[in-house]
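If you want the building blocks of each chain, they are given just below.
There are 2 protein chains.
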Amino acid sequence: MSKITLTALAQTLPSTVPFVGPETQERTLGEKFKARLGANESLFGPSPKAILAMEQAAADIWQYGDPENYDLRNALAQHHGIDPAHIIIGEGIDGLLSYLVRLLVDPGTPIVTSHGAYPTFNFHAVGYGGILHTVPYKNDHEDPQALITKVSEVGAKLVYFANPDNPMGTWHTANTVQGLMDNIPHEALRVLDEAYVEMAPKGTAPPLNPETENVIRMRTFSKAYGMAGARVGYAIGPKELIKSFDKVRNHFGVSRISQIGALAALADLEHLANVQKQVSDSRNRLHQIAHENDLSTLPSAANFISIDCGKDGNFARKVLENLVANSVFIRMSTIAPMDRCIRVSCGDTEAIHAFEKALPIALQAAASS
Amino acid sequence: MSKITLTALAQTLPSTVPFVGPETQERTLGEKFKARLGANESLFGPSPKAILAMEQAAADIWQYGDPENYDLRNALAQHHGIDPAHIIIGEGIDGLLSYLVRLLVDPGTPIVTSHGAYPTFNFHAVGYGGILHTVPYKNDHEDPQALITKVSEVGAKLVYFANPDNPMGTWHTANTVQGLMDNIPHEALRVLDEAYVEMAPKGTAPPLNPETENVIRMRTFSKAYGMAGARVGYAIGPKELIKSFDKVRNHFGVSRISQIGALAALADLEHLANVQKQVSDSRNRLHQIAHENDLSTLPSAANFISIDCGKDGNFARKVLENLVANSVFIRMSTIAPMDRCIRVSCGDTEAIHAFEKALPIALQAAASS
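Residue numbers (this note's numbering), protein chains in the order written: chain A, 440 to 808; chain B, 440 to 808.
Excised from the complex, chain A in its bound form:
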């Protein structure tokens, strides 16, 4: 071919996948993972009603999905007690973050996040030429005061904050989050990623005031609702900002089956309550397993926990590599000092048992290598 010249910005971007999928690792291993505990998927599955709705929708897949996502959007509005004009649905939080950054970020736009927070936000921020300014975690928590200070210092246009946090699982109370929202200079749009909030204690999410504050909140069907593969997320924000997603989004981008499945999942409050209980039980069991191996853990409000391997990042990476080699898929932070921890998703009895068996072996292997 003759030379195809990418934009100057695109030339600077790496051709990478922010997260290597477990399937890639399985192809290397030559077998399926016994325990898929690395992507904070919900091993407790989606609502049986959502499964049934998706099965029944399969034959109608010849039809495009509704580009307005009308039914799901209205059901979400009712669920949250807000006007549907405050809600935009997209291809997972990842897709929505991409659209949001595209709407707001020019090359050179200052953006603030925490060093070690969600990489896909960074992928999009840098992908549109934004300049990332980061503050360190404080005691394995995102640090609201440092974020406020940094936003002021660099005149950020966007600030990203996840509560509960991924990859650590730690969280702040609604009061603290509200204080963060209130005290950030008002020019900066707050991106509050609440992907895991349904699994956090009551009192973690501040009340929804979608019009009055400079905040866009991200929610998803990928975690508590157990539909990661469906790619359905939504954002709640001021009407004018929400409307502006129509300027750039892939209007037909959400699968028809996914829309129908998410609608059924949202209506099944009993299943959600059941998942919340199972996540809580599984977290407790993971804490226990860690303690049985003389390891400490971080408190978690998400469907995973961070286990402190007790040494440095190199040691934790060896533990992780050994777990993966023994068919237990997990992930971990790449940023010190959080990289002393491995991150293990909640799971069903079988998966957790596989982890329980593999962990002491991995710890021993890491110690003796």
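Please keep in mind that the hints were generated in silico from the structure rather than gathered at the bench. There are no misleading hints in this set.
Identical chains share a label here; the pair holds if one copy fits it or two copies do between them.
Calculated cross-link-like contacts (lysine-lysine; reagent style BS3-like; alpha-carbon spacing at most 25 angstroms):
| hint | residue 1 | residue 2 |
| --- | --- | --- |
| 1 | Lys596 | Lys686 |
| 2 | Lys596 | Lys442 |
| 3 | Lys596 | Lys678 |
| 4 | Lys716 | Lys796 |
| 5 | Lys442 | Lys589 |
| 6 | Lys577 | Lys641 |
| 7 | Lys577 | Lys596 |
Chain A is already provided as a structure; the job is to place chain B on it using the hints.
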């Protein structure tokens, strides 16, 4: 809220949906369309094997899809007899067009297309600040010579060409398309949209030479494969360009169920052959219905035909409005003189019968209004 300032470019973009969905019209009508013939969906449905595969995949939707789309990508490579490194899979051709434009277009970049060609390409081209230069259709066909001339004249970086064409259904032979590819100045990347090519006569698609030419070809599971709602498209192009999609794409964007469904659909050659036959029969029947109403039609190599309503755009729009009001969903070009035609998708007996009944009524209503 305080003022949220979009980028200068985003401020110039309209908050529109390029295609209003039939569901929106159904909500206005207060009923489901009797005949859904406006979006060139395949009323003949997906392969039963794809339906079964998707049904069986529903319960596993708690897992993210493979971000590399490895299995589908390799099956497509085998299907086409090319290296998988020449193929990128995305959220429909719409999603892939968005990524492609983002990789190549800066504000002010000149882009060439035909006046009245696929609006979603224009949506993305303008959405990234590209300057659209258009050439008119010639006898209801895209005009290769005019495209070549315009690319040279404006120094275009991208040129869009669909074969078969949407919205008209007309097409050029592989020889003509190859001539277009060969004679465009070599700096311009050719985007050859072949969404409908599986339903065109043999000899419509030029041979695949993915590395040697400056062309990226777009294919989809939305049309002949009957999976519009699944959002699976793919592009075939030079390895370096294909690899660069990893710089910007939503890596987990393709639904897990969709990947699995598309894989099964691709393998069912018998179903595809059956659809090709039904499309051909349905086209013939639509031509016949038009002729019975003293209307002429354009030849079509796609799963729809253009019916010339015999007068101007205002008349055709009245015909369309009356059909829609009578529960027959169709669409039409908005650009003269192509807007003298209505565009009607192929369909099953029931849908075509509904159209057959409604057409003379709509023609009479339009004539007497």
